[in-house]
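Chemist: Listed below are the residues making up each chain.
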Amino acid sequence: MHIHKFERFWIKLSFVLIAFFIVTVIVGFVAMDLKVIGDYQTVDPQNLGDTPFGNPGVREVMKNGQTEYEVYVQTIQFAFMPGTASPITVPANTRVTFYITSPDVLHGFEVVGTNLNSMAIPGQVAKFTTIFPEARTYGIVCNEYCGPAHHVMEGLIEVVPKSEFDKSNLVE
Amino acid sequence: MSEENNKPGASEQNDKSWEQENPDIVSEISIEEFQPKGTLTLTLLYFAIVVLMWIFMYFVEFGGNAPSIID
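These protein sequence lines map, in sequence, to chains A and B. Numbering follows the numbering used here, in which position 58 of the first sequence is assigned residue number 159; successive positions increment by one, without gaps. Numbering follows the numbering used here, in which position 35 of the second sequence is assigned residue number 54; successive positions increment by one, without gaps.
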């Protein structure tokens with residue numbers, strides 16, 4: 102089959118583009134150290150009361166001699182627990198690990214305007230760690246259709262300066 | 020069908036070649052001599068736009084959008 106030389110050039114260029122995309126993704130995960138959420142652990146969605154999710158909220162933990170925070174969040178129809186009724190309050194410039202699961206249906210946990218975004222799957226725990234660089238308020242939205250009031254399912258993360266962080270609201 | 024019949028002289032010239040129907044052709048060129056440089060320039064421009072938009076989306080909007088997942 103005869104292919105015009107402009108078309109041959111264009112076909113080659115298309116393969117170069119695909120190679121370029123693959124290279125940028127590899128650079129992102131190797132050089133820029135981007136991370137995605139992997140599988141962490143499973144949990145019985147009917148019996149979250151026996152797990153830390155039974156008492157969801159912000160916990161203080163010591164890891165490698167550093168104070169860190171763990172946030173256990175249940176996503177339910179149609180709220181984040183905590184997050185919707187009361188904001189999730191965490192300090193800035195500190196490692197914060199989120200554990201998210203759902204007792205009912207599939208939900209999403211997206212911190213708006215950031216790269217923090219996870220599915221909340223019944224029976225699966227999503228775990229990710231981040232550091233909020235500044236004190237400000239972030240919105241949380243559910244980005245997986247979860248029922249008739251999905252569109253009003255939202256919450257707040259309040260990041261406060263480390264010195265102003267009130268530890269009286271932590272859960273045990 | 021009706022559209023073809025509306026063309027002038029279409030019914031009686033069906034057995035003639037395209038060249039015979041168009042006697043004002045000055046010269047014929049081979050496929051390789053046909054070089055649509057303007058089209059190539061335009062597609063290269065689109066290509067450059069796609070590459071630049073990808074770089075912006077991936078490295079600036081995605082990679083630079085802290086806070087990110089660090090662990």
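Watch out, some of these pointers could steer you wrong.
[Stated by the list, open to error] List of simulated lysine to aspartate or glutamate pairs, DMTMM-like, C-alpha gap at most 25 Å:
(1) A:Lys106 with B:Glu52
(2) A:Lys106 with B:Glu47
(3) A:Lys136 with B:Glu52
(4) A:Lys268 with A:Glu245
(5) A:Lys164 with B:Glu47
(6) B:Lys56 with A:Glu108
(7) A:Lys106 with B:Asp90
(8) A:Lys228 with B:Asp90
(9) A:Lys113 with B:Glu52
(10) A:Lys228 with B:Glu52
(11) A:Lys113 with B:Glu51
(12) A:Lys136 with B:Glu51
(13) A:Lys263 with A:Glu245
(14) A:Lys263 with B:Glu47
It should be emphasised that the hints constitute simulated quantities derived from the structure, not laboratory data. Bear in mind that the values here come from a model prediction, so they are computed numbers and not experimental data.
Chemist: Each hint: holds or not?
Modeler: Going down the list of hints, with the structure as the test:
1. A:Lys106 with B:Glu52: holds, 10 Å
2. A:Lys106 with B:Glu47: Distance ~19 Å between A:Lys106 and B:Glu47 Cα, so the pair holds.
3. A:Lys136 with B:Glu52: violated, 51 Å
4. A:Lys268 with A:Glu245: Not OK: A:Lys268 and A:Glu245 at ~32 Å, beyond 25 Å, violated.
5. A:Lys164 with B:Glu47: violated, 79 Å
6. B:Lys56 with A:Glu108: It holds: about 12 Å lies between the C-alpha atoms, which stays within 25 Å.
7. A:Lys106 with B:Asp90: Roughly 48 Å separates the two Cα atoms, so the pair is violated.
8. A:Lys228 with B:Asp90: holds, 9 Å
9. A:Lys113 with B:Glu52: It holds: about 20 Å lies between the C-alpha atoms, which stays within 25 Å.
10. A:Lys228 with B:Glu52: violated, 61 Å
11. A:Lys113 with B:Glu51: holds, 18 Å
12. A:Lys136 with B:Glu51: Violated, at about 49 Å.
13. A:Lys263 with A:Glu245: violated, 33 Å
14. A:Lys263 with B:Glu47: At roughly 78 Å apart (the allowed maximum being 25 Å), B:Glu47 and A:Lys263 break the hint.
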